[in-house]
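Whenever a hint applies, use it, and build me the whole structure from the sequences.
Protein chains in written order, with my numbering: chain A, 1 to 124; chain B, 1001 to 1124; chain C, 2001 to 2124; chain D, 3001 to 3124.
Just so you know, these hints were derived from the structure itself, not from any lab.
Each residue gets a CB set at the ideal place from its N, CA and C atoms; glycine is no exception.
Incorrect hints may appear among the rest.
Said to hold, decoys possible - Residues from chain C that face chain D, not an exhaustive set, calculated with beta carbons under 10 Å: (1) S2025; (2) I2089; (3) F2094; (4) K2108; (5) R2110; (6) K2123.
There are 4 protein chains.
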Amino acid sequence: MKIDIQSGIPIYLQITEQIKLSVLSGRYRSGDRLPSVRELAVGLRINPNTVVKAYQMLKDEGITDSRPGGGNFVLAQEGGDMTAQSEDIIMKEFQAVIDKAGMLNVSKERINKLFQKILSERKG
Amino acid sequence: MKIDIQSGIPIYLQITEQIKLSVLSGRYRSGDRLPSVRELAVGLRINPNTVVKAYQMLKDEGITDSRPGGGNFVLAQEGGDMTAQSEDIIMKEFQAVIDKAGMLNVSKERINKLFQKILSERKG
Amino acid sequence: MKIDIQSGIPIYLQITEQIKLSVLSGRYRSGDRLPSVRELAVGLRINPNTVVKAYQMLKDEGITDSRPGGGNFVLAQEGGDMTAQSEDIIMKEFQAVIDKAGMLNVSKERINKLFQKILSERKG
Amino acid sequence: MKIDIQSGIPIYLQITEQIKLSVLSGRYRSGDRLPSVRELAVGLRINPNTVVKAYQMLKDEGITDSRPGGGNFVLAQEGGDMTAQSEDIIMKEFQAVIDKAGMLNVSKERINKLFQKILSERKG
DNA sequence: GTGGTCTAGACCACT
DNA sequence: GTGGTCTAGACCACG
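So, in structure tokens, the structure goes:
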């Protein structure tokens, strides 16, 4: 996990975001245990309270659960198809960029050209 | 200009963002005068100080200049081609979304399919 | 006369300052007529009201006087020795710079060295 | 830190100026923490918002960085040698005074005489 | 505790 | 009329 302390994005949000992506992508599976609060705080050189806040948020959203014995675990995701959820996220972001391009008077054809250029540079 | 007070995005940033886009898209041209602080504040139903903050940010970034008793004026933009600048912005945003899709293990072909679906729904 | 509209220093102050210097240096002598308000405003491309304000200020300070018939004229300066006045101004400014150098922990010897370097580059 | 509320110079500029000088002179070093907004506001008997404005200006100029919940910290200064920077500032100010003296028809020799007089009164 | 944002309202300087 | 500064005080997010 990587934290960009300069980005202006709250640290606890950077943590939750990355864990969510890991769950959606399958890197974390149901039952997997998250790093301990202390462990993550030391690793990222941030305040443990910040990690606690991030983990609490994930718990509130039903993505993880904490066991009394200790530790935070990934829950099986309802709503089933995680691929569909992933694609939903991506489509919404594309929509936003295309809207912005529209405000900048970039034509549909030009948008596509720019997109293909970027995409072609990508591996896999 | 439209402001979303609920969005969590600071109002002064929403203002600067929209004015920047207006400059890049050619809606504002060099020498044009922005609405006065008080005028815009009344129009958006926000505090004049918030507009002042937005305008000073634009001034700091060299996009506008202001004179007490005068007003706020759009400056000629260096870096020349504003179309190129616009496309630069768009490409960077596409890059970010594609990167994210990569983290979610969405294949190149699937990404393109999703994108074309969104783009086809757009007018113009 | 030259005006720097970017400098942040109020235009009317730039005008009064330069006229004062001209009087002290002898470029303007007692009885000389200042440029007319219109003339100066057009020449500097500024608002005539700004020139009026500057001239009024000079009048308030007893440096000039306006005649009902029209025109602003330089008055004989009391306090006699204008050379002394000039040197007073310069000494106060040196004092300020030397104080600042002190705050920056620049030694007396170093200050003098820097000063001599600058002075030697000057003509006359 | 001392503030002169009568001087006409904006308070927030007086603050930024003094902190910049402190950084250049080495009184503040990289990583040092500035007084908190509230602390400084109370100490100077001014409004916290005024301090906020000063601190944000320092941040904009890359002299400090801030983190909500953290505080304001001095950043390592690029451009390396701070002594050189200090002397640069001083030399530019000397240049300005000497130029002004020139406009007042003060001779090179006389300028030097005045300067030495002021400098000799200085301790250190 | 920290900084960041916003409102409300005042006063000033400039054109 | 314009922008610029400051105060007072509130609320939020972050660590």
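### Query
Which numbered hints turn out to be false for this structure?
Going through the list in order, the structure violates no hint and respects every one.
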